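Peer 1: In case you want the letters, here they are:
Protein chains: 2
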Amino acid sequence: MDIEDLRSRHPDHWMRATALRALALDAVAKANSGHSGMPIGMADVATVLYSKHLKFDATKPDWHDRDRFILSAGHGSMLLYGLLYLCGDPEITLDEIKNFRQMGGRTAGHPENFLATAIETTTGPLGQGIANSVGFAMAEEMLRARFGKKLVDHHTYVIAGDGCLMEGVSHEAIGLAGRYGLGRLIAFWDNNGITIDGKVEISDRSDQVKRFEAAGWHVQEIDGHDPDAIDAAITAAKAVTDKPSMIACKTHIALGHAAQDTSKGHGALTDGDQNDAAKAQWGWTAPDFEIPSEIKDWWEGVGSRGGAARGEWEARLSEASDSRQKEFARVMAGEAPKKLSATIKALKKQASETLPKVATRKASEMVLEVVNPVMPETVGGSADLTGSNNTKTPDMGVFDTDNRKGRYVYWGIREHGMAAAMNGIALHGGLRPYGGTFMCFTDYARPAMRLAALMKVPTVFVMTHDSIGLGEDGPTHQPVEHLAISRATPNTLVFRPADVVETAEAWDIALRQSDTPTVMSLTRQGLPTLRNSHKTANLSEKGAYVLAEAEGKRQAIIIASGSEVEIAMKAREALQAGGIGTRVVSMPCMELFAQQDEAYRKRVLPGGPVRVAVEAGVRMGWERWLLGERGRANKAAFVGMNSFGASAPAEELFEHFGITPDAVATRVRDLLVGTTPSEF
Amino acid sequence: MDIEDLRSRHPDHWMRATALRALALDAVAKANSGHSGMPIGMADVATVLYSKHLKFDATKPDWHDRDRFILSAGHGSMLLYGLLYLCGDPEITLDEIKNFRQMGGRTAGHPENFLATAIETTTGPLGQGIANSVGFAMAEEMLRARFGKKLVDHHTYVIAGDGCLMEGVSHEAIGLAGRYGLGRLIAFWDNNGITIDGKVEISDRSDQVKRFEAAGWHVQEIDGHDPDAIDAAITAAKAVTDKPSMIACKTHIALGHAAQDTSKGHGALTDGDQNDAAKAQWGWTAPDFEIPSEIKDWWEGVGSRGGAARGEWEARLSEASDSRQKEFARVMAGEAPKKLSATIKALKKQASETLPKVATRKASEMVLEVVNPVMPETVGGSADLTGSNNTKTPDMGVFDTDNRKGRYVYWGIREHGMAAAMNGIALHGGLRPYGGTFMCFTDYARPAMRLAALMKVPTVFVMTHDSIGLGEDGPTHQPVEHLAISRATPNTLVFRPADVVETAEAWDIALRQSDTPTVMSLTRQGLPTLRNSHKTANLSEKGAYVLAEAEGKRQAIIIASGSEVEIAMKAREALQAGGIGTRVVSMPCMELFAQQDEAYRKRVLPGGPVRVAVEAGVRMGWERWLLGERGRANKAAFVGMNSFGASAPAEELFEHFGITPDAVATRVRDLLVGTTPSEF
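Protein sequence lines correspond, in order, to chains L and P. Take the first sequence: its position 378, counted from the start at 1, is 378 in the UniProt record's numbering, and no numbers get skipped. Take the second sequence: its position 449, counted from the start at 1, is 449 in the UniProt record's numbering, and no numbers get skipped.
It is possible that some hints are incorrect.
Since the list gives no way to pick one copy over another, a pair counts as held whenever it fits inside one copy or between any two copies.
Listed below are the simulated BS3-like cross-link pairs for lysine-lysine, each with C-alpha atoms no more than 30 Å apart in a straight line [to be verified]:
no., residue 1, residue 2
1, Lys250, Lys326
2, Lys296, Lys250
3, Lys243, Lys338
4, Lys52, Lys279
5, Lys570, Lys602
6, Lys243, Lys357
7, Lys60, Lys602
8, Lys570, Lys326
9, Lys30, Lys542
10, Lys357, Lys264
11, Lys405, Lys349
12, Lys60, Lys535
13, Lys98, Lys553
14, Lys243, Lys349
15, Lys264, Lys362
16, Lys405, Lys199
17, Lys357, Lys30
18, Lys296, Lys553
19, Lys30, Lys362
20, Lys238, Lys210
21, Lys349, Lys542
22, Lys238, Lys338
23, Lys362, Lys199
24, Lys210, Lys250
25, Lys210, Lys243
26, Lys602, Lys542
27, Lys199, Lys210
Please keep in mind that the hints were generated in silico from the structure rather than gathered at the bench. These numbers were taken from a predicted model, which means no experiment stands behind them.
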């Protein structure tokens, strides 16, 4: 690459873009870790995008109608931090740049959305950003349809690398974007031909242009170092309104550095002499971390360029009716509507009176049927299991190219893409996404489910068919370890409600979260309503509570969740008939119970009685409640799964794996008489 | 669709294919669950494939040189069971067909490889089969290169549905197949245009032909009900030897049934009248589950057609040298070579003497460097992190179109595709795959890692950078819950070795597994060799053992794994200095420890002393060892993570999150003096 030629053709642009290059080189070198080459290679694209196209106001990074910029190639985080610092972002200061990758800073190794307002999403696990961006673009379409172009009118830009495009989730993402004609989504492919192991071609020879076209995208190919070509391509991409656009940018990783066009250039360039030589090549003479004032001034102009547009937008917002302003503010703040509480309570009361016997997936549908009409910000969907996940309610309408008001998304057989796009919708703000699949396919959605927890977004994952109760489809479709998987994940609420009432309570809690995703673990099979006496209080909020007290001396406590609470109640009946006082504790949410104070936990799980837990999943996670807590039981056992399931009708499976009232009662009796020692 | 026309044009073929249709219809109706439409729609393709192309001998389903047939669209399992029964497979009898989806049968809802010899792989979670098939085809290339065409010379056929092709893993799979020019891989796309939620177009409008071409495949489009076209397409696909082939088969789901071309047709067709009407349409007059003898005879002829070829193959095998025959038999049986044991012991001895201080990922490389030369069946690889995962050894060579003897695979940024293809390699037999990525990306590979466990294949997942010890890359790359995730999965060995010696022991165990996958959890950061006195016995085989005994009265036991064993030893030193007798238990594998008898477990974890566990992950899974076991400790605590990590240098992170010798020692002291109660 002839750097001299690039410099001479566009001298001003070159130096402005090179400010990004120099910051990346300096910050990575100082941190002695990170990725220098990507920011250096994509500096030209970023400079043109920010200065000529991106609608934003650096001083107000939370302006709702800003264009969204997502760095899917998150390892190139210094590109984003450099842009934010240069533009005058109030949070990404020069000190933060110098503090790259250090404890307590905002400039983490990969961009973390919760560390700075201007960071739209957390990226680094490859492919997530491009899949998030699909959600961002969908959210914009939905909100524009609802609130009008005066309030919602922006684009979503995303930079993806070769890694993003090799990951499977990119396939799901680009398929969705193409299918739903997301014309305001513009993706830049950093086509630098290099991965960590070597040239891209050692592991991939796909024709990305043809691939994106096959998915229904508008595609352009440009020299990613030519500012005029970049500008023209973005302009052309914006002009295509019925298709997402991909701009394949041929770039040189670590441009102008000794490591240019090599794998080494992908990583941390820390050799002082080589870095000095690169700066000399670039014509960059400023000391480390210093930006010549004329360049910094220009960038600050870029950062404030959107101020006028923001002012006009604020004026338009203030011209809207009071109720419209309030509603817009409410949904953008993620506040639940006032009516939600009464709606949930009414459903609980009705269920406690009519005692429906339904699967909790059906119970979930009953909740959504009353919630969705009063909560127009919900966005439902399923990964091609709508009828099984019970996620669609009649009022929603189907999101499509000709119905942007539709609130239900047919995600197709794309659990991962769905989860990642839902995260994008939630991150955009103004909408509250939930989506369904079979619980076993938590596995497919895992990378995005973890990121929801890390990113602190309240996405709701509706996971039905939550045990061997799924029946004949067999062990590939029967979750066994998936409750443990979600419970092991920090900042995640896992609900496994036992009936309609608990399902309503779980949704009530999930829909009020601002920082925590929820996993709803729901049955395929019908369950009785056990909460037969209406209480306005949300008992599930404490995570676990006494569902049925022991009659006579309390000798045993059975703890259960979901479909096994019915089994616990039947076991209790048998035990009480034999004179064994037995308490049943329903535990719909371990995480919330763990958050209660010790006094409450001890009231629910007092020491003394034997404890048996029953759940049609693996034991991991239950030991704490069986053996732990002050004044703990001396004897405890678990009734559940210790292997994968099998293909057979559900009732036979529960018999086969010994998850029955009889088995539970027997275990209690054995523990009490001491013929069988505690299994621990 | 004009059924009459189809019948009249190819009357013999029609009735033979319709035997598959009738069996599927009857079995699903009897089970009252399952998927009728796919077998009905793909019966023509399957009939032509089995009768004219597939090299197999139904009576010897374990013939090593058979063609592999993989039903990626696993919900259509009755197609496979019907084929096997009709061809005379010894395990899939008529009783099994009638017992479809019932307890204890071989004919599970989705094909399970461990239920019948002829079932090559377990499918159902969509996209897995097509990704497995890439591994099967790679294995064939590698073994043909090693043992020659006389012994290894077969094709891999796979049927994939729209669901398989929407899943992200299909993108990774077809990218790999295209890149590696797997000319003997032939995929049929069941292009029926229907998914569960409706027509495919409601969620996807991709151009699959263009997409496969973009990935480097040879593609044909045919009428999937025209036997001549099917035959010609397969012939043409076989003639293309440098590219994988995709045959897009336009089919009608539930052909001839009232539910044809509808979502309903995807599921269980159980309406007796409609089913009778369908059979009438088909011209099928035999009673339920009965196959007219001339049709059954013809199919049995299909089943025995390969007998001669098999005989010739056996003759060729017997002509090979003794050592060649033995080696072929050994690798196909998955037996470790005799030299393995001595090789591992020599490395252990050397390490115990020289006490290297290396990361366990590096230790793993040291093991592989001595193992790979004596174990030519290993296939290594990494998802674009070769230098970080330390998975490549000098002797391996790189697998490529011009080097089929290469044993190292550059999988690209495709963790899921890698894991699923490794499963395919293992299922093929003759090779032992291992592959690496960062442990945090367990999430990406999860669906295939679970299937390895369910399918009972000994794939080894090399997961490096296994904690916050990863450092500056931050929480997106720092596993916290992933040890718990893998430990919660049935039939999975999770090793977290503490030093070179334990790493060698872990590999020794992993490479001898026949039915169980292994997760190797390895550090980025350097660790001292703690096992400084050589023992030929594999101490890790018991899962946990006393690494350092208490001096004086035993007051505390510290249990740790991996990088935290060093911390435990340092804490012990401090405690002993203060007169507190402290035992350190190294626990590299919880699963193996759980399998030991009670006497051993009690020897390692006797009651009485306080117990503190330390591991840089979440607590879930540790409660059992802290609180459980007979004669359990009264007081226990855990030192580890209860949140996501952060971006900073590793040492600072361990300090920040309080995972230090000081913190552990303090916890022990507090428990002993009782100022801090047990945390449970």
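Peer 1: Now look at each hint and say whether the structure bears it out.
Peer 2: Hint check results:
1. In this assembly of identical chains, Lys250 and Lys326 lie within 30 Å of each other by CA distance neither inside one copy nor across copies; the values are 46 Å within and 53 Å between.
2. In this assembly of identical chains, the alpha carbons of Lys296 and Lys250 lie at most 30 Å apart only when taken from the same copy (27 Å versus 60 Å across copies).
3. In this homomeric assembly, Lys243 and Lys338 never come within 30 Å of each other (Cα to Cα): the closest approach is 38 Å inside a single copy and 61 Å across copies.
4. Taking CA atoms no more than 30 Å apart as the test, Lys52 paired with Lys279 passes inside one copy only; the shortest distance there is 26 Å, against 66 Å between copies.
5. Only within a single protomer do Lys570 and Lys602 lie at most 30 Å apart by alpha-carbon distance; the minimum there is 24 Å, versus 36 Å between protomers.
6. In this assembly of identical chains, Lys243 and Lys357 lie within 30 Å of each other by CA distance neither inside one copy nor across copies; the values are 46 Å within and 55 Å between.
7. Proximity of Lys60 to Lys602 under the C-alpha cut-off of 30 Å is found in neither arrangement, the shortest distances being 48 Å within a copy and 62 Å between copies.
8. Proximity of Lys570 to Lys326 under the C-alpha cut-off of 30 Å is found in neither arrangement, the shortest distances being 50 Å within a copy and 59 Å between copies.
9. Taking the closest pair of Cα atoms, Lys30 and Lys542 never come within 30 Å of each other, the shortest separation being 48 Å inside a single copy and 46 Å across copies.
10. Taking the shortest Cα distances, Lys357 and Lys264 sit within 30 Å of each other only across copies (26 Å), while inside one copy they are farther apart (62 Å).
11. Taking the shortest Cα distances, Lys405 and Lys349 never come within 30 Å of each other, neither inside one copy (32 Å) nor across copies (69 Å).
12. Taking the closest pair of Cα atoms, Lys60 and Lys535 never come within 30 Å of each other, the shortest separation being 45 Å inside a single copy and 65 Å across copies.
13. Taking the closest pair of Cα atoms, Lys98 and Lys553 never come within 30 Å of each other, the shortest separation being 66 Å inside a single copy and 52 Å across copies.
14. Taking the closest pair of Cα atoms, Lys243 and Lys349 never come within 30 Å of each other, the shortest separation being 48 Å inside a single copy and 63 Å across copies.
15. Only between protomers do Lys264 and Lys362 lie at most 30 Å apart by alpha-carbon distance; the minimum there is 20 Å, versus 54 Å within a single protomer.
16. In this assembly of identical chains, the alpha carbons of Lys405 and Lys199 lie at most 30 Å apart only when taken from different copies (21 Å versus 44 Å within one copy).
17. Taking the shortest Cα distances, Lys357 and Lys30 sit within 30 Å of each other only across copies (27 Å), while inside one copy they are farther apart (63 Å).
18. In this assembly of identical chains, the alpha carbons of Lys296 and Lys553 never lie at most 30 Å apart, being 77 Å within a copy and 68 Å across copies at closest.
19. Within a single copy, Lys30 and Lys362 get their C-alpha atoms only as close as 56 Å, which misses the 30 Å cut-off; across copies the closest is 26 Å, which meets it.
20. In this assembly of identical chains, Lys238 and Lys210 lie within 30 Å of each other by CA distance both inside one copy and across copies; the values are 20 Å within and 25 Å between.
21. With identical chains, the CA atoms of Lys349 and Lys542 are at most 30 Å apart within one copy only, with a shortest distance of 19 Å there and 55 Å across copies.
22. With identical chains, the CA atoms of Lys238 and Lys338 are never at most 30 Å apart, being 39 Å at best within one copy and 65 Å at best between copies.
23. Taking the shortest alpha-carbon separations for Lys362 and Lys199, only the inter-copy value of 24 Å comes in at or below 30 Å, while the best intra-copy value is 51 Å.
24. Taking the shortest Cα distances, Lys210 and Lys250 sit within 30 Å of each other both inside one copy (16 Å) and across copies (22 Å).
25. Taking the closest pair of Cα atoms, Lys210 and Lys243 come within 30 Å of each other both inside a single copy (15 Å) and across two copies (18 Å).
26. When the C-alpha separation of Lys602 and Lys542 is checked against a cutoff of 30 Å, the pair qualifies only within one copy, where the shortest distance is 13 Å, while the shortest distance between copies is 37 Å.
27. Taking the shortest Cα distances, Lys199 and Lys210 sit within 30 Å of each other both inside one copy (20 Å) and across copies (24 Å).
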